[in-house]
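Start from chain A and add chains B and C according to the hints.
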Amino acid sequence: MSHSQHLITLTTDFGHKDGYVATLKGVILSIASDVRMIDISHNIAPHDIMEAAFVLKRAAPFFPSGTIHLVVVDPEVGDNRRPIGLKFKDQIFVGPDNGLLSLVLSREAVSQIVQLTNKTFWRDRVSSRPFNARDVLAPAAAHLSNGVALSNMGEQTQELHPMHWALPIADQQGVQGWIVHIDRFGNCITNIHRSIIEPIQGDRVFKCYVGNTVLNETGCDYHEAEAGDPVLMFNSDDLLEVAINRGSAATLLDISKGAPVNIVFGEEKTLSFQNSFFDSDQPTQK
Amino acid sequence: MSHSQHLITLTTDFGHKDGYVATLKGVILSIASDVRMIDISHNIAPHDIMEAAFVLKRAAPFFPSGTIHLVVVDPEVGDNRRPIGLKFKDQIFVGPDNGLLSLVLSREAVSQIVQLTNKTFWRDRVSSRPFNARDVLAPAAAHLSNGVALSNMGEQTQELHPMHWALPIADQQGVQGWIVHIDRFGNCITNIHRSIIEPIQGDRVFKCYVGNTVLNETGCDYHEAEAGDPVLMFNSDDLLEVAINRGSAATLLDISKGAPVNIVFGEEKTLSFQNSFFDSDQPTQK
Amino acid sequence: MSHSQHLITLTTDFGHKDGYVATLKGVILSIASDVRMIDISHNIAPHDIMEAAFVLKRAAPFFPSGTIHLVVVDPEVGDNRRPIGLKFKDQIFVGPDNGLLSLVLSREAVSQIVQLTNKTFWRDRVSSRPFNARDVLAPAAAHLSNGVALSNMGEQTQELHPMHWALPIADQQGVQGWIVHIDRFGNCITNIHRSIIEPIQGDRVFKCYVGNTVLNETGCDYHEAEAGDPVLMFNSDDLLEVAINRGSAATLLDISKGAPVNIVFGEEKTLSFQNSFFDSDQPTQK
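Residue numbers (our numbering), protein chains in the order written: chain A, 1 to 286; chain B, 1001 to 1286; chain C, 2001 to 2286.
What the hints contain is simulated information worked out from the structure, not anything from laboratory work.
Predicted model, so just to flag it, every value in this text is computed and none were measured.
Glycine included, every Cβ here is placed at the ideal spot set by N, Cα and C.
Hints may contain errors.
Derived, one-sided and incomplete: chain C residues facing chain B with beta-carbon distance under 7 angstroms [unchecked claim]:
1) Ile2038
2) Ile2040
3) Ser2041
4) Ala2059
5) Phe2063
6) Pro2064
7) Phe2088
8) Ser2236
This is chain A alone, in the form it adopts within the complex (with noise of 0.2 angstroms):
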């Protein structure tokens, strides 16, 4: 067992508030006491598996090999959903096989999938209605935490409950998508990865359509625009991202999650931007 199977993510829409984490925690430690837990967010919207993946598919990554992520949002809670553990490259995802696995993971580099059925490892039961967290998914991870092989822990299969993000659609004269997410600050997170815009790109200007406005392609980062302008950007994740510097893009410009953005290619970069087709555009900012 490799020293980084000692850490444990946690990943839920249970709050600060009811002590919901905190029982997840005292379980796992009376398995395995030297075993590190790390919250990766605790609040995901109630029921959002959406919210879910794309928080933990941002951060997962970033954990060394051999973490355990152990997932809990579960709107079907009690429900016959499956418990699963799987293998994704070198580390392990343990939750309710209801789709949030499978909008994290890209499916062909899952390498091992267990329903954990193997009562061995489920925690002893304290009530008449199970609670699959506390009873069935953290005992899972922190057993595995221990050592024990996932394979020794269920059924092997190779079914995982398909759940897809919509993606982009584009062509040579734009791309649309859309909001995913908007983080604290209010900066809106599209699904438009630098991949898709940059070949069908080429040398040409862009404009965004988004809420109530529509942005010029900046370049530039949140700083170089004046306080209270907006920003159209790639982010640290290579995502197309709307912000504001200093104030909340969601706020300001009326997006919302889920939100279609519209990617126009124009004119030529080297062309004045006095000749583009844009001339009529008025746009409301910028």
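Coordinates of chains B and C only, in the frame set by chain A:
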């Protein structure tokens, strides 16, 4: 000293914003550099002893033997509430003697109560006004985790400030209880334990009057109801709970903490519901 | 390397929702797998350097010698603010050189300042846009905890971006200060330290004009006032604080951050209050 004495949990109403919790942790780590600390909750409503007691009572049993629980919710801060430490079953609790610990623990299972009067284990004063959590309670928890015997930390006492949960009232016709906690999801948890209802219920059905509605005993789980439908069930702590599948029961059924919950037993389950005495009830939901 | 260099604290305005903090922790653990991490606060108001400085300045001294404080609140994110590390007393601080650290530290006790220019200790770029907290600052903190000397991490400098707290103005008649922080309880903390008032005050009483009220010096503690009554006192950091027993002074007295606080000295305490010059003040409270 057993290994698990290296574990301290923290439950406070200090919030996550002001750095008060970090100050306690810095003090603890300055005394016990290897101790592990787990947050149970710092989002207890300000001064809400009962909420803190409910959350801690539910989470504490899941922690290992030897765990030290540091609890600081104190409306009488600065008052002459005695800082105490006590042993309950195989764990230690440290906090002000303001009734909170009485709510968490069964008095008869408390094996030792000590007033933390031994200033050897206090923090050196850094200001003219003491901050008991920082200067007395956190250092006590840290020294306990270092293996100092509780009996060395002050004078033994038999007194524990008494505070009692309001208990449900039950007779052959029904049970009256209260909503004691509303969690992040809007699930409304009552103080009615399965063990109170079942001996009286026998084979009878029951109805539950709560908030703006009346609910039948369903026996089903969140997901078995249609989305938006209310569910009445015993939760994973065997307490009766009112929930709404993918919604907030508190909001939609107008239920607040402290609201009364009335259980009324009806006909035996084998009778047709059509003939039951509930026919004229015209429940507003379900 | 002393043991306590294994301890990193984190103070950011990243919130608990988006997983940004977890990304930093994953990066740190990938470099320094044994380091301990303690959150000071991630709920600093977005871009609020002064709030971050106030919270960190108050908590940092309670951490052990050798602690590494990682601080990321940066309105100019992406700007050419230099990432720096510095030694202050027996601790190390790492963050952008945007004035925040000047507010936390006394310049004369800073023994070494290093620009983190040595790319050996940066994270490999994972996107075209750098994220300094993830790619430079967190790795620096991790390498420092591994025992790398601060002097190896870049060029020494004497410059520290200066930023200063507004200091109270004092004369024989009184002291004018400001509310610098409002905590979770609504307690309003001023920038007026006990050491400013007492030498001038002598035996005189004083009154305090703040928000919509005027308060007498009470010298009492929260609990000694009736519930709902305002209290004026020196808090456990010896700063003058306006509080309301079991209530929010900020809300009830209409006090916001930055509000002026005027202390006016009156007669000597031995005189009867009846004869004092305050008789005609008609205070609205107390």
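| request: With a cut-off of 7 angstroms on the beta carbons, see whether Ser2236 (chain C) makes it to chain B. | output: Where the cut-off is 7 angstroms and the nearest Cβ of chain B is about 4 angstroms from Ser2236 (chain C), the hint holds.
Does the nearest C-beta of chain B fall within a distance shorter than 7 angstroms of the C-beta of Pro2064 (chain C)? holds, 5 angstroms
| Interface restraint verdict for Phe2088 (chain C) against chain B (beta-carbon cut-off 7 angstroms) | violated, 15 angstroms
Using 7 angstroms as the Cβ threshold, decide whether Phe2063 (chain C) counts as touching chain B. It holds, given that the least Cβ distance between Phe2063 (chain C) and chain B is near 4 angstroms, below 7 angstroms.
Taking 7 angstroms as the limit, does the beta-carbon of Ala2059 (chain C) come near enough to a beta-carbon in chain B?
holds, 4 angstroms
* To do: Closer than 7 angstroms between Cβ atoms is the bar; does Ile2040 (chain C) clear it against chain B? Give me holds or violated.
  => holds, 4 angstroms
### Message
Given Ser2041 (chain C) as an interface hint, is its Cβ closer than 7 angstroms to any Cβ of chain B?
### Response
holds, 5 angstroms
- Message: For the restraint on Ile2038 (chain C), tell me whether the closest CB of chain B is nearer than 7 angstroms.
- Response: Since the shortest Cβ distance to chain B is 5 angstroms, the answer is holds.
The structure fails to meet hint 7 from the earlier list, while all remaining hints are met.
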